[in-house]
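> Numbering of the sequence shown is given in the working numbering, commencing with residue 22 and proceeding in unit increments.
Please keep in mind that the hints were generated in silico from the structure rather than gathered at the bench. Idealized CB from N, CA, C, for every residue including glycine. Among these hints, one or two may not hold up.
Said to hold, decoys possible - Cut-off 20 angstroms, straight-line C-alpha distance, at most; resulting in silico cross-link-like pairs (EDC-like, lysine to aspartate or glutamate):
#, residue 1, residue 2
1, K25, D79
2, K25, D104
3, K34, D79
4, K23, D70
5, K99, E60
6, K25, D105
7, K23, D79
8, K102, E90
9, K34, D104
10, K25, D112
11, K23, D97
12, K23, D104
13, K99, D79
14, K92, D70
15, K102, D79
16, K69, D97
17, K102, D29
18, K34, D112
19, K92, D112
20, K23, E60
21, K69, D104
22, K69, D105
23, K25, D94
24, K23, D112
25, K34, D70
To be verified - Derived CB-CB ranges, DEER-like:
#, residue 1, residue 2, range
26, V87, P66, 19 to 29 angstroms
27, T111, Q85, 19 to 29 angstroms
28, T111, K69, 21 to 31 angstroms
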Amino acid sequence: MKLKPMADNVLLKASEAAETTVSGIILATANKEKPAIYEVVSVGPGTKDVTMAVSVGDRVVVGQFVGSEIKLDGVDYKFVKQDDILAVVTD
């Protein structure tokens, strides 16, 4: 099943969180925080007032409590408005 966002919505897939901390402590899966960095899976066409600035494959930072979460085929996704994206991650 495929999802296509409408208007200025963006579909994100959670990036894998680190399994260990900087000091080497292994994190249990129940204690991990939700990731702040997501991968853009699909982008809506925008609106007459909003031109889409992100594209498929971009890595972005969003707030923890924004958007709507959905699980499809065992994968966690999040729908957000483009305005909820705080930054695009570049290397």
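> Give a verdict on every hint.
Hints, one by one, checked against the model:
1. K25 to D79: OK: K25 and D79 at ~16 angstroms, within 20 angstroms.
2. K25 to D104: At roughly 18 angstroms apart (the allowed maximum being 20 angstroms), D104 and K25 satisfy the hint.
3. K34 to D79: holds (11 angstroms)
4. K23 to D70: Distance ~26 angstroms between K23 and D70 Cα, so the pair is violated.
5. K99 to E60: holds (10 angstroms)
6. K25 to D105: holds (18 angstroms)
7. K23 to D79: holds (19 angstroms)
8. K102 to E90: The given pair, whose Cα atoms are some 13 angstroms apart, holds under the 20 angstroms limit.
9. K34 to D104: holds (17 angstroms)
10. K25 to D112: Cα-Cα ~27 angstroms, so violated.
11. K23 to D97: holds (13 angstroms)
12. K23 to D104: violated (23 angstroms)
13. K99 to D79: Satisfied, since the Cα-Cα distance of roughly 14 angstroms is no more than 20 angstroms.
14. K92 to D70: Roughly 30 angstroms separates the two Cα atoms, so the pair is violated.
15. K102 to D79: holds (15 angstroms)
16. K69 to D97: Distance ~30 angstroms between K69 and D97 Cα, so the pair is violated.
17. K102 to D29: Holds, at roughly 6 angstroms.
18. K34 to D112: holds (19 angstroms)
19. K92 to D112: The given pair, whose Cα atoms are some 29 angstroms apart, is violated under the 20 angstroms limit.
20. K23 to E60: holds (16 angstroms)
21. K69 to D104: holds (15 angstroms)
22. K69 to D105: holds (18 angstroms)
23. K25 to D94: Within the cut-off at roughly 15 angstroms; holds.
24. K23 to D112: violated (29 angstroms)
25. K34 to D70: violated (26 angstroms)
26. V87 to P66: 19 to 29 angstroms: Since the Cβ atoms of V87 and P66 sit about 21 angstroms apart, the hinted range of 19 to 29 angstroms holds.
27. T111 to Q85: 19 to 29 angstroms: holds (22 angstroms)
28. T111 to K69: 21 to 31 angstroms: With Cβ atoms ~29 angstroms apart, the hint holds.
Of the numbered hints listed earlier, those contradicted by the structure are 4, 10, 12, 14, 16, 19, 24, 25.
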